[in-house]
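*Asks:* Given chain L's structure and the hints, the job is docking chain H onto it.
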Amino acid sequence: MTTRSFGSGIRRREDPRLITGRAPYTDDIKLPGMVHAAILRSPHAHANIKSIDTSAAASQPGVVAVYTGADTDGVLAGMPCAWLIPGSDLKTPEHPAIAKDRVRYVGDAVAVVVAGTRYEAEDALEHIEVEYETLGVVINPKAAAQPGAAQLHDDVENNIAFTWAVAGGDADAAFAAADVTVSDTITLPRLIANPMEPRSAVASYMAAMGELTLWSTSQNPHIARFLTSVVTGVPEHKIRVIAPEVGGGFGSKIPYYPDEAITAFCAMKLGVPVKWTETRSENYLATTQGRDHVEEVEMAATSDGTITGLRTTVYAGMGAYLSTAAPGVPTILHGLMYSGAYNIPNISGTIYGVFNNGTPVDAYRGAGRPEATTLIERLVDLTAAALDMDPAEFRRKNLIPKFENGHDVATGIIYDSGDYELTLNTCLANADYDGLRAVQAAARAEGRLVGIGMATWVEICGLGPSQVAGAVGFQGGLWESAIVRFHPTGKVNVMVGSSPHGQGEETTFAQIVSEELGVPVEDVEIIHGDTDNTPMGWGTYGSRTTVVSGGAIAFASRKIKEKSKELAAHLLEAAVEDIEYDDGRFFVRGSDDQAKTIQDIALMANVAWNMPEGMEPGLEASAFYDPPNFTYPFGTHLAVVEVNAETGHIDLQNYWAVDDCGVQINPMIVEGQVHGGVVQGVGPALWEGVVYDDNGQPLTGTMQDYALPRADLLPDINVASTTTPSPHHPLGLKGVGEAGTIAATPTVYNAVMDALRPLGVNRVDMPLTPEKVWRAINDAKNGG
Amino acid sequence: MVSVPVEITINGRVFSGEVEPRQLLVHFIRENAGLTGTKVGCDTSQCGTCTVQLDGQIAKSCTVLAVQASGSTVNTIEGLSNGVDLHPLQEAFWNKHGLQCGFCTPGMIMASEELLRNNPSPSREEIRHALEGNICRCTGYQNIVSAVEEAAGAMGGS
Numbered sequence: 054m055t056t057r058s059f060g061s062g063i064r065r066r067e068d069p070r071l072i073t074g075r076a077p078y079t080d081d082i083k084l085p086g087m088v089h090a091a092i093l094r095s096p097h098a099h100a101n102i103k104s105i106d107t108s109a110a111a112s113q114p115g116v117v118a119v120y121t122g123a124d125t126d127g128v129l130a131g132m133p134c135a136w137l138i139p140g141s142d143l144k145t146p147e148h149p150a151i152a153k154d155r156v157r158y159v160g161d162a163v164a165v166v167v168a169g170t171r172y173e174a175e176d177a178l179e180h181i182e183v184e185y186e187t188l189g190v191v192i193n194p195k196a197a198a199q200p201g202a203a204q205l206h207d208d209v210e211n212n213i214a215f216t217w218a219v220a221g222g223d224a225d226a227a228f229a230a231a232d233v234t235v236s237d238t239i240t241l242p243r244l245i246a247n248p249m250e251p252r253s254a255v256a257s258y259m260a261a262m263g264e265l266t267l268w269s270t271s272q273n274p275h276i277a278r279f280l281t282s283v284v285t286g287v288p289e290h291k292i293r294v295i296a297p298e299v300g301g302g303f304g305s306k307i308p309y310y311p312d313e314a315i316t317a318f319c320a321m322k323l324g325v326p327v328k329w330t331e332t333r334s335e336n337y338l339a340t341t342q343g344r345d346h347v348e349e350v351e352m353a354a355t356s357d358g359t360i361t362g363l364r365t366t367v368y369a370g371m372g373a374y375l376s377t378a379a380p381g382v383p384t385i386l387h388g389l390m391y392s393g394a395y396n397i398p399n400i401s402g403t404i405y406g407v408f409n410n411g412t413p414v415d416a417y418r419g420a421g422r423p424e425a426t427t428l429i430e431r432l433v434d435l436t437a438a439a440l441d442m443d444p445a446e447f448r449r450k451n452l453i454p455k456f457e458n459g460h461d462v463a464t465g466i467i468y469d470s471g472d473y474e475l476t477l478n479t480c481l482a483n484a485d486y487d488g489l490r491a492v493q494a495a496a497r498a499e500g501r502l503v504g505i506g507m508a509t510w511v512e513i514c515g516l517g518p519s520q521v522a523g524a525v526g527f528q529g530g531l532w533e534s535a536i537v538r539f540h541p542t543g544k545v546n547v548m549v550g551s552s553p554h555g556q557g558e559e560t561t562f563a564q565i566v567s568e569e570l571g572v573p574v575e576d577v578e579i580i581h582g583d584t585d586n587t588p589m590g591w592g593t594y595g596s597r598t599t600v601v602s603g604g605a606i607a608f609a610s611r612k613i614k615e616k617s618k619e620l621a622a623h624l625l626e627a628a629v630e631d632i633e634y635d636d637g638r639f640f641v642r643g644s645d646d647q648a649k650t651i652q653d654i655a656l657m658a659n660v661a662w663n664m665p666e667g668m669e670p671g672l673e674a675s676a677f678y679d680p681p682n683f684t685y686p687f688g689t690h691l692a693v694v695e696v697n698a699e700t701g702h703i704d705l706q707n708y709w710a711v712d713d714c715g716v717q718i719n720p721m722i723v724e725g726q727v728h729g730g731v732v733q734g735v736g737p738a739l740w741e742g743v744v745y746d747d748n749g750q751p752l753t754g755t756m757q758d759y760a761l762p763r764a765d766l767l768p769d770i771n772v773a774s775t776t777t778p779s780p781h782h783p784l785g786l787k788g789v790g791e792a793g794t795i796a797a798t799p800t801v802y803n804a805v806m807d808a809l810r811p812l813g814v815n816r817v818d819m820p821l822t823p824e825k826v827w828r829a830i831n832d833a834k835n836g837g
Numbered sequence: 157m158v159s160v161p162v163e164i165t166i167n168g169r170v171f172s173g174e175v176e177p178r179q180l181l182v183h184f185i186r187e188n189a190g191l192t193g194t195k196v197g198c199d200t201s202q203c204g205t206c207t208v209q210l211d212g213q214i215a216k217s218c219t220v221l222a223v224q225a226s227g228s229t230v231n232t233i234e235g236l237s238n239g240v241d242l243h244p245l246q247e248a249f250w251n252k253h254g255l256q257c258g259f260c261t262p263g264m265i266m267a268s269e270e271l272l273r274n275n276p277s278p279s280r281e282e283i284r285h286a287l288e289g290n291i292c293r294c295t296g297y298q299n300i301v302s303a304v305e306e307a308a309g310a311m312g313g314s
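Going down the list, the protein sequences come from chains L and H.
Just so we're aligned, residue 54 is where the first sequence starts under my numbering, counting upward by one.
Just so we're aligned, residue 157 is where the second sequence starts under my numbering, counting upward by one.
Chain L with its partners taken away, still in its complex shape (with noise of 0.2 Å):
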């Protein structure tokens, strides 16, 4: 008999609700008496505030208030940047909830109104009057650093909010002894999130006891506690934040928004509750956005085909003022993983972020490792062309060998454990790389386009350790913790603070425990997503959750274990030395037909009629984990397009995916979070990326004009896995959410390049239109 779970790919717990329609999300939630906000925008990119007169919209039906930035003055503080970067010299100008004297991008909050009816809300919006005077804009972020660019703050000269430098060994030295250099420039085009299902925030203030409730869609509901009683000052123990269901974030649930400000602040002026929703329409203005990359870069390397060196410098727009964890992500999360997955002795890179007036930018899927990855691969692939080698074979030349505990990279970080060539050998033979080669060189010469594109790629997360943290200017810690709460039946509940929201760690969390102490997985209840009922946690993203929380759930179900043994000994009448463990059952050594069953000792805890002497009662442990190291997931991923000549269309017609994430709990979603992931990441290759106008008005303002990856756009995807432990971790796991974003984007573009690369074409900005690789191919073949 066993009742373990670990590795098999179960379906999830969290199913059955959702599919039946029954799962409550933040804007389902109702309350008696519940008003509606809607909030009115800035129409103007940048423009000063001349007046706001708000009296019509106050009498129109249903309307409850009206209120402007100066009605939050001295009861909201300003939106806080929690991510202060050292060794920078960092800028957080002032970002009020609602804007009061400027707007500096299109969806800046200018009022909000509140009704009885959501209709009503917005209906009187429109009779807000505002004048405004417009003022300069810019967007590119390199254009925005330079010098009489439009500057956005008057005490943030050329709008560097930040510059920030990682260096080891000598690239200067390096570039001048190369006997190759290379050098182009990528840009990343700013991403729009897309989660499923929009914001929303429901606030509840019982001004008698002065507890303020938040419904909200956090991927961090502990953090949105935090950070609203800084804006609010509303204390933090009278607060409690749900996340209930949340669909999706991807990052952008993340940051603290001035929306759940604002929510908030209505519900405490006027007494009742409050809900607020964005239409996608307002996404795609408010909330924030990711990458908007402009990098130089360039790789040395000797005639052999070694790689000697790499230099950047990165513009990374930041929107118009720094939101949550903006500065963390093209800095610690991006400059630190230069090394990428191969020995570069030399780096230099220096790193500006941006004001700009754009929405502001914080974390997207990968979160700085796309940005990373995108350009050390295709410099990786750049140079091999330079020194006519193929991809793979300089590839597996410069890459880190094999290691189980420890290498020390250039940018001063330290990966855990990888064996980078084999997922490299396994992703090739799986794709059958030879016979790919032998199929393009065919087609080749009958005049078509067909690219192979691959990367290899290496990643920061298992967010962690907290002194980390603090070293890199984070102002949080980056643990988490569980409690393991055994009732007398037997069953389980497991408190976390962490709040997955879609990657299924209900189920993966559940099947911790079952591994650890031997109870069935049905019989453990996850809690997460309520402030009230779950203890302390840092929050969903970088790939942590499952790595970091999962660490607590483990410890705190081995206390209960050694517990447990006591426990058993004392019904055995036996020493604890002499207890042996075996799938839920405790047992004398070479007795086992007198085993004490988990269960067993459950119940005997809980009505704890017989214990030993100074023994607690109740079988309940908690532990806070907070991991020694980050993790450093790794694998290959390769591509295969074809591009055809007249209209630029690029048909992506096979993926393969090669990836090592540690010991996996479920491989089903394991698999499933590649299969999102890498969509995610061949959308800003091939489709994705918002466009500004010239006065900053965005052009891509709904779906109908952001082009995402669609159902009858992408094929099947080949996934397969390696596995190499970490090292550090009690469960030996990495994380896997961010993998295939990380590794598609570059994948994809390279073999789009790789398929023109007979016309001697070796750059196109992203994404890639039609149209834009129409005009790279007509430039082509007209000798430009």
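Everything labelled a hint here was simulated from the structure, so no lab data went into it.
Note that CB positions come from ideal geometry on N, CA and C, so glycine has one too.
You may find that some hints are simply not true.
Claimed, not checked - A few chain H residues that face chain L, going by a derived Cβ cut-off under 7 Å, partial list only: (1) Q202; (2) F249; (3) H253; (4) H285; (5) T295; (6) Y297.
Said to hold, decoys possible - Short derived list, chain H residues pointing at chain L, Cβ under 8 Å: (7) G193; (8) D199; (9) Q209; (10) L210; (11) Q246; (12) C257; (13) G258; (14) I265; (15) M311.
*Replies:* For chain H alone, coordinates are given in the frame of chain L:
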């Protein structure tokens, strides 16, 4: 604002009321009928999270007015099963890990149900084509396609 009477049969139950002529069907379903399984994902009929069946045909309920649907029969995700005995499509989405956050899932399942009624044995390509009006950001679609394929088999297709 004037109100007009509407009467819509949703999942076999009649819901009637006075609504503004501009009220969207999705808001009638969610607010008046209290059936929140049908979601609002975009404002432009692009994403398909609000997909329901209107007189047997799929419709994006964010682009139908409640008054237009008056006198009609609407089926939503809550009507597909009693929540205990799952529809083969629900079972297959569960088996094949055809969902992650679940927000697109009701619309995805309602669209798939119509597909299988019209084409009991679709190819993977036909499934991908049929679902191009429903956006999922989590699954990469592959497992959704597999789920519809499995449900087709369970429902007598191949």
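*Asks:* Against this structure, judge whether each hint is valid.
*Replies:* Hints and how they fare:
The interface hint given for H:Q202 holds, since its Cβ lies 4 Å from the closest Cβ of chain L, which is under the 7 Å cut-off. Taken as an interface hint, H:F249 checks out: its beta carbon lies about 5 Å from the nearest beta carbon of chain L, inside 7 Å. Here the hint on H:H253 is kept, as its CB sits about 5 Å from the closest CB of chain L, short of 7 Å. At its closest, the beta carbon of H:H285 sits 5 Å from a beta carbon of chain L; the interface hint therefore holds under the 7 Å criterion.
At a threshold of 7 Å, the smallest CB-CB gap from H:T295 to chain L is about 5 Å, leaving the interface hint in force. With 7 Å as the threshold, the beta carbon of H:Y297 comes within range of chain L, its nearest partner Cβ sitting at about 4 Å, so the hint holds. Taken as an interface hint, H:G193 checks out: its beta carbon lies about 2 Å from the nearest beta carbon of chain L, inside 8 Å. Checking H:D199 against chain L: minimum C-beta separation of about 5 Å stays under 8 Å; hint holds.
For H:Q209, the interface hint is violated, since its Cβ never comes within 8 Å of a Cβ in chain L; the closest pair sits about 13 Å apart. Taking 8 Å as the C-beta contact cut-off toward chain L, the hint placing H:L210 at the interface is violated, the least distance being around 17 Å. Against a cut-off of 8 Å between C-beta atoms, the interface hint on H:Q246 holds, since the closest Cβ of chain L lies about 4 Å away. Interface restraint check for H:C257: the shortest CB-CB distance to chain L comes to about 3 Å, inside 8 Å, so the restraint holds.
The restraint placing H:G258 at the interface with chain L holds, with a minimum CB-CB distance near 3 Å, inside the 8 Å limit. Annotation: interface hint on H:I265 holds; nearest CB of chain L at approximately 7 Å, less than 8 Å. With 8 Å as the threshold, the beta carbon of H:M311 stays out of range of chain L, its nearest partner Cβ sitting at about 16 Å, so the hint is violated.
The structure fails hints 9, 10 and 15 (numbered hints given earlier, in ascending order).
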